[in-house]
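Kindly produce the complete structure, drawing on both the sequences and the hints.
The listed protein sequences derive, respectively, from chains D and G.
For the first sequence, our numbering gives the first residue as 326, with consecutive numbering after it.
For the second sequence, our numbering gives the first residue as 10, with consecutive numbering after it.
Among these hints, one or two may not hold up.
[Unchecked claim] So the derived list for chain G, only partly shown, Cβ under 7 Å to chain D, looks like this: (1) G57; (2) P156; (3) M173; (4) T202; (5) I207; (6) I272; (7) V275.
[Said to hold, decoys possible] Straight-line Cα separation of at most 30 Å, DSS-like style, residue types lysine-lysine; simulated pairs: (8) D:K507 / G:K24; (9) D:K406 / D:K460; (10) G:K92 / G:K139; (11) G:K282 / D:K585; (12) D:K585 / G:K212; (13) G:K188 / G:K212; (14) D:K344 / D:K507; (15) D:K640 / D:K422; (16) G:K163 / G:K24; (17) G:K139 / G:K188; (18) G:K79 / G:K188; (19) D:K585 / D:K640; (20) D:K640 / D:K619; (21) D:K344 / D:K619; (22) D:K619 / G:K24; (23) D:K344 / G:K163; (24) G:K282 / D:K335.
Keep in mind that the hints were calculated from the coordinates and are not lab data.
C-beta: ideal position from N, C-alpha, C; glycine also.
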Amino acid sequence: MLDDLKPAGKPLVAVDNLKMHFPIYGGLLRRRTGEVKAVDGISFEIFEGETLGLVGESGCGKSTVGRALLRLYELTGGTVKIDDYDIAHASPEALRKMRPTMQMIFQDPQASLNPRMTVADIIGEPLREHQAGSKLEREDRVLELMDQVGLNRDFANRYPHEFSGGQRQRIGIARALALNPKFIVCDEPIAALDVSIQAQVVNLLEELQDSLGLTYLFISHDLSMVRHIADRVAVMYLGRIVELAPREEIYAEPLHPYTKALLSAVPEPDPSIESSVERVILTGDVPSPSNPPKGCNFCTRCPSVMDVCKQVEPKFQEVRPGRFLACHLFEYPTPDTNESATNGAG
Amino acid sequence: MPDGALPVLDVRDLKTVFKTRSGEVHAVNSVTFDVKPGELLGVVGESGSGKSVTMMSLIGLLPSPPADVKEGQVLFGGQDLLKINPNDLRHVRGGEIGFVFQDPMTSLNPVFNVGFQIMEPLRIHMGLNKSQARARAVELLELVGIPDAGRRLKDYPHQFSGGMRQRVMIAIALACDPKVLIADEPTTALDVTIQAQIIELVKELREKLGMAIIWITHDLGVIAGIADRVMVMYGGQVVEQAPVRELFGNPQHPYTRALLQTIPSVRGARAEKLNVIEGQPPILAGAPTACPFRDRCPQRFERCDAENPVRRAVGGAGHDAACHYDFKAGGPHVG
Ligand SMILES: Nc1ncnc2c1ncn2[C@@H]1O[C@H](COP(=O)(O)OP(=O)(O)OP(=O)(O)O)[C@@H](O)[C@H]1O
Ligand SMILES: Nc1ncnc2c1ncn2[C@@H]1O[C@H](COP(=O)(O)OP(=O)(O)OP(=O)(O)O)[C@@H](O)[C@H]1O
Ligand SMILES: [Mg+2]
Ligand SMILES: [Mg+2]
Chain D
326 MLDDLKPAGK PLVAVDNLKM HFPIYGGLLR RRTGEVKAVD GISFEIFEGE TLGLVGESGC
386 GKSTVGRALL RLYELTGGTV KIDDYDIAHA SPEALRKMRP TMQMIFQDPQ ASLNPRMTVA
446 DIIGEPLREH QAGSKLERED RVLELMDQVG LNRDFANRYP HEFSGGQRQR IGIARALALN
506 PKFIVCDEPI AALDVSIQAQ VVNLLEELQD SLGLTYLFIS HDLSMVRHIA DRVAVMYLGR
566 IVELAPREEI YAEPLHPYTK ALLSAVPEPD PSIESSVERV ILTGDVPSPS NPPKGCNFCT
626 RCPSVMDVCK QVEPKFQEVR PGRFLACHLF EYPTPDTNES ATNGAG
Chain G
10 MPDGALPVLD VRDLKTVFKT RSGEVHAVNS VTFDVKPGEL LGVVGESGSG KSVTMMSLIG
70 LLPSPPADVK EGQVLFGGQD LLKINPNDLR HVRGGEIGFV FQDPMTSLNP VFNVGFQIME
130 PLRIHMGLNK SQARARAVEL LELVGIPDAG RRLKDYPHQF SGGMRQRVMI AIALACDPKV
190 LIADEPTTAL DVTIQAQIIE LVKELREKLG MAIIWITHDL GVIAGIADRV MVMYGGQVVE
250 QAPVRELFGN PQHPYTRALL QTIPSVRGAR AEKLNVIEGQ PPILAGAPTA CPFRDRCPQR
310 FERCDAENPV RRAVGGAGHD AACHYDFKAG GPHVG
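The following block contains the structure:
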């Protein structure tokens, strides 16, 4: 297998200038008074068989991106192509046909599971809906899926509330896998699990990827797990992607000041390393997505902020082969050249 | 740390059983622990090991049926919370004992806006009027790092991101300056920078108010950074307990040892395949008569099948583990 060449394949998912704004209503008449720019113009590709990690601060728009890709929202702007098919403008009927190939594992397991259905019914529901196999075959498939995600078969007739948080998350994963999808948006699929089961699920997702050629968007704030599973990593901040690069490069040498801060903040379980970790603590106000700052979104908290950053929005561009970045520091490399840089940018 | 101080919360021999159509689930078996003022007790353990059910049992939050808190004592402020009347218990809960649930979407009420949900306890437990409560609510939301807090009071839970809902829950739990904060996976949906901010906030409140904290998490990095003491659960029981450095440096239960092997790292080399603990967790269908970890344990011998080990002192001060094997002696424990 040409495993190492994965990202060189053809893009399965192509996102161009995606925007998702939510209206804000206010005043007595509940008039539209503004909007939350949850996702504000992002572009990226995910290659067939690849895992793209998506990380970033809480509220920066990760889940919204995931939902928009599967068109669980009507997009505000931009295009999303999956397998060359324009999802953003597809008819409801065409979408329904495509649904089995794209699935989502939700962040909130409780809210996404019907409390009146047994686990077997929940996992088997997509199979019934799309009439996959005979009744007996479907029952077998459900049990097989339960094995795969490490749920005891004896629990098949229990209801969701009878499970712990981590067990419920695995029900959601089994369900997403039922129809052998091609593309799965995994929204914090492992946050509620203990490390051993996290490892089981991540190993499982990787095995399925190898055997079935699955493609993942893996949303997580767990940077050590992302490092493990992702081929490339995209870092989001306040509705935009600020850096996108191959895994090893971004962990070895983060270029964006936000990525640097993010990586340095990871808690360290090994007491012998803990004391040697240098931390960049971010200060300054977290801006609101309904009122982002002028210039670079990160300028209110950036430790290396320059004058130009408060005026001009940095372009998201390829700064080295395979490495994308939106930061003025790269155009004006040393902070010492602040003065001239700002003058130069006018 | 507050050595020798009397515990503010003292839990003894707690047992909780669920009665389901498919039989009993013995989710919590003789769990005993305490926490002292100003102390942060970390709770870790396998998914399904009974961490949440333990905490829900002790403040009477499990619907009965199916739950039955069969035995035990929960001593708080000179009374047994398992015995006091529901009204008094309601006052303790949300007032003197703050609680952050594991699942924020189900514990926030979808039909009320977030402002109402923060202000309500402030008015009930602290006697604040509407404008005082509003000011305090804004302050609390700012403390947990929600931008534009004033405007967001009018928003409903579904308009917040997963991590923001979790922070709203934290704000509610902290609203009434509780003596004990029970936080069940409070930062799982938070990125590391906001998590660090929440942890700082909690540490500060602990210093300032002498608040005791029980922090349940799967993130051993967080535990290493904030806990004074750690309790490890497996199969509905406490299998090990120790001061934090002792636990990480000198684990004495085979489950704890295995758990510490499974952590991936952002620093150092990247493993090709992640370590897992092989095998399945126990089913908990009856009261335990043998060690719950035996099927997955590399140290297993005959006694493990015959007798459920009780916690005994091992290693340094304040360190105990429930295991028949003695790692120091390199063989079965005698005695
Ligand atoms: N209402 C219920 N009916 C039957 N069994 C239940 C019920 N609620 C919980 N359980 C069982 O009790 C056990 C303990 O659950 P608990 O939620 O305390 O686990 P946990 O340690 O918090 O796990 P996690 O880390 O996944 O949150 C689990 O095996 C679960 O399946
Ligand atoms: N239905 C909605 N209506 C209004 N605002 C929304 C809605 N859904 C999300 N938002 C807002 O959009 C922003 C991005 O939310 P999103 O859920 O995508 O964040 P996230 O990156 O997934 O965060 P987390 O890591 O906390 O889950 C937030 O400010 C949130 O409040
Ligand atoms: Mg999210
Ligand atoms: Mg739990």
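Checked hints:
| no. | hint | result |
| --- | --- | --- |
| 1 | G57 | holds (4 Å) |
| 2 | P156 | holds (4 Å) |
| 3 | M173 | holds (5 Å) |
| 4 | T202 | holds (5 Å) |
| 5 | I207 | violated (10 Å) |
| 6 | I272 | holds (5 Å) |
| 7 | V275 | holds (5 Å) |
| 8 | D:K507 / G:K24 | violated (46 Å) |
| 9 | D:K406 / D:K460 | violated (35 Å) |
| 10 | G:K92 / G:K139 | violated (34 Å) |
| 11 | G:K282 / D:K585 | holds (26 Å) |
| 12 | D:K585 / G:K212 | holds (25 Å) |
| 13 | G:K188 / G:K212 | holds (14 Å) |
| 14 | D:K344 / D:K507 | holds (24 Å) |
| 15 | D:K640 / D:K422 | violated (37 Å) |
| 16 | G:K163 / G:K24 | violated (41 Å) |
| 17 | G:K139 / G:K188 | holds (24 Å) |
| 18 | G:K79 / G:K188 | holds (26 Å) |
| 19 | D:K585 / D:K640 | holds (19 Å) |
| 20 | D:K640 / D:K619 | holds (14 Å) |
| 21 | D:K344 / D:K619 | holds (18 Å) |
| 22 | D:K619 / G:K24 | violated (57 Å) |
| 23 | D:K344 / G:K163 | holds (25 Å) |
| 24 | G:K282 / D:K335 | holds (26 Å) |
Checked against the numbered hints given earlier, this structure breaks hints 5, 8, 9, 10, 15, 16 and 22; the rest are met.
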